[in-house]
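Protein chains in written order, with our numbering: chain A, 1 to 390; chain B, 391 to 554; chain C, 555 to 715.
In short, the hints are calculated from the structure, not lab data.
In silico BS3-like links for lysine-lysine, alpha-carbon gap of 30 angstroms or less: (1) A:92 <-> A:161; (2) C:638 <-> A:317; (3) A:231 <-> C:601; (4) C:671 <-> A:35; (5) A:35 <-> C:713; (6) C:640 <-> A:54; (7) A:5 <-> A:35; (8) C:640 <-> A:84; (9) A:93 <-> A:265; (10) C:706 <-> B:476; (11) A:317 <-> C:617; (12) C:601 <-> C:655; (13) B:502 <-> C:671; (14) C:559 <-> A:231; (15) A:84 <-> C:638; (16) C:601 <-> C:640; (17) A:317 <-> C:694; (18) A:5 <-> C:713; (19) A:35 <-> A:197; (20) B:540 <-> B:476; (21) A:35 <-> C:655.
None of the values given here were measured: they were computed from a predicted structure.
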Amino acid sequence: MAESKTTILNMGPHHPATHGVLRLVLELDGETIVKATPHIGHLHRGIEKIAENKNYHQIIPLTDRLDYTAASLNNLGYCMTVEKLIGVEVPKKAQYIRVIMSELARIMGHHLWLGSHALDIGAMTLIFYTFRDREMIMNINEELSGYRLTPSFLRFGGLAKDITPDFIKYVRDFVKWFPKAVDGYNSLLTDNIIWRKRTMGIGTISAEEALNYGMTGPSLRGSGIGYDIRKVLPYCSYDDFDFVVPIGDKGDVYDRYLVRMEEFKQSLHIIDQAIENLPEGPVKSDNPWVSNPEINEVSEDISALIRRFKIQSEGAKAPVGEVYHSVEGSKGELGFYLVGDGTAQPFRMKIRPPCFMLTSALPRLLEGHMLSDAISIIGSIDIVLGEIDR
Amino acid sequence: MGLENYLKHENILVTNITDFVNWGRSNSIWPCTFGLACCALEMMATSLASYDIARFGSEVYRPSPRQADLMIVSGTLTKKMSVMVKRIYEQIPEPKWVIAMGACASTGGIFKSYSVVQGVDQIIPVDVYIPGCPPRPEALLAALMKLQAKIKTEKLDSRPDVDE
Amino acid sequence: MIVEKINKSLPGLIEDQIWFRDELQIYVKKELFISFMKHLRYNEDFKFDLLLDVAGIDRFSIKPRFELVYILYSLEYNMRLIVKLKVDISDIVPSMTIFWKSANWPEREVYDLLGIKFSNHPDLRRILTWDNFEGHPLRKDFPLQGPDFNEKFNPDSIKVY
Chain A
1 MAESKTTILN MGPHHPATHG VLRLVLELDG ETIVKATPHI GHLHRGIEKI AENKNYHQII
61 PLTDRLDYTA ASLNNLGYCM TVEKLIGVEV PKKAQYIRVI MSELARIMGH HLWLGSHALD
121 IGAMTLIFYT FRDREMIMNI NEELSGYRLT PSFLRFGGLA KDITPDFIKY VRDFVKWFPK
181 AVDGYNSLLT DNIIWRKRTM GIGTISAEEA LNYGMTGPSL RGSGIGYDIR KVLPYCSYDD
241 FDFVVPIGDK GDVYDRYLVR MEEFKQSLHI IDQAIENLPE GPVKSDNPWV SNPEINEVSE
301 DISALIRRFK IQSEGAKAPV GEVYHSVEGS KGELGFYLVG DGTAQPFRMK IRPPCFMLTS
361 ALPRLLEGHM LSDAISIIGS IDIVLGEIDR
Chain B
391 MGLENYLKHE NILVTNITDF VNWGRSNSIW PCTFGLACCA LEMMATSLAS YDIARFGSEV
451 YRPSPRQADL MIVSGTLTKK MSVMVKRIYE QIPEPKWVIA MGACASTGGI FKSYSVVQGV
511 DQIIPVDVYI PGCPPRPEAL LAALMKLQAK IKTEKLDSRP DVDE
Chain C
555 MIVEKINKSL PGLIEDQIWF RDELQIYVKK ELFISFMKHL RYNEDFKFDL LLDVAGIDRF
615 SIKPRFELVY ILYSLEYNMR LIVKLKVDIS DIVPSMTIFW KSANWPEREV YDLLGIKFSN
675 HPDLRRILTW DNFEGHPLRK DFPLQGPDFN EKFNPDSIKV Y
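Using the sequences and the accompanying hints, generate a full structural model.
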């Protein structure tokens, strides 16, 4: 009686550098995958333990480096959690600018997904176009904060400083140019026969199973469940804007691709509404423990000097209590669980990364497929290792 | 190369050959893709349309270390990954160079914890360090030009695989 | 309102409840933990079908030392609930992978970083640190830079299988 032996193949942590350091141990029977085991932890930097030794304010640059493809969304999640714990109100103009920066970050993250997914399958031209459009958004980031990739522009109670007229001009130029770019991407891939044959019917997962595995974000919406935190538990004045959440129905790679392409257009619609209806007002709250006074006041008034000294040396103190808050990141639900103990340092900070649950569903998604389909599936769920390993 | 074993002593015959070989080596450096974390995105941006690295000679990024000359370590090096870095460095054939890109690869960056190696030069020898978090693409191009200037001053028998 | 519903169908299981910033946190007793979570998962009144995360907290100077936090969400009733369990250093907690498959990797992470063991887990081993790592990093008595902070780093001491 013939017995079939399986080969073990190691897709090691060093493979063409688009997705990061993920190690997959595959058991193959010929060309078909029988069992897949992901090994993570090659980028584990200990962010949660470092955060127990720093002020609440000093953790903001650390959170930027979690999902480094769409950095402003992590800042939004962390700042909103601390504001919920301490109890700080954010003025309306700052909320609208936070929405603009978050949607721009979401578009940036989806650009990287599209370029690298197409590159892995074989369509090499797209990555040049998507990086050209990413440069436009990085110019907007640089105009506000000086950084291209990791702006760290949000503070508790609002923003770091007020926006410039150049920012409004750059955003309006981007809103005018971007629909042509999306039409260009669609014309290259959506009705392409080779793309359809490589992506339709691959990596299918039903809605119930996806929910059981804890998947959220566009990967869950591709299977048919419309769970988007911006609609079900609205935050940061998202209920002022009018947008649609796209939902797929079969749950394969092609449906997840269509969901994200539609999210490009919906994010642009939100940015358009926000920049046209931008209200007037301050960009920082006036809670004395959280927001710094203006620089010219500090050099003239003794009470502003004392307030700035107290904030910089001690920091904002949180009450005793625990709070959980989540935002809709570009890959799924990004949540922060903070435990405060009355001092200026968090007692425990737990980050709920969306890609952690998506990677734990990889053994179920890869089973029974061929080796070259594994590349399509890993690209379609869009993982970022900085977030998984923290 | 066997040529260096025969021409061990510096004389007038060798200087022209040394200049020629160094000119060839410095203008066609092919990097090995080694992106670990956030700096990898700036490295990708350097190689694509807006800041083109191909005009400096680095035409393609080779994923296989056997076909590469340069290893750009971009991103945080953790202790779990250090075994792989050392193994890949040893697989690149001579002549080879290393650029440590970013604050995390140079000295450990903002992560001083139990699982991060404080600088990639604790494991492999480094030629050029680039500060920044992440550094701009123009900084990577400036580092490449500094490396090219360094290669032009090398002697033929300064590589470790030439026996005495 | 939800506390009354739980008390009506499962009396005597809730140890304590806290309302903080409009969210409910429930402390549960350890004895009937499995039937409590099964009721929350499958009963028509609750239907918490998404387990978002499992977290562990090390309260160093209080007995029992650890706390486990389960964050649940129900799609049908649009409700979020935080369930907490007090665990001591040598306790073994029943694993929730029987009800939600999304508890698999978070429980491995709690075992790796804090040292709490789970029973009936399909694959309990280290996930974020390397395989011959000694100690549990997120405990309060583990130094931030590791126990070997003043020695030179030797890559041969790391074993990855």
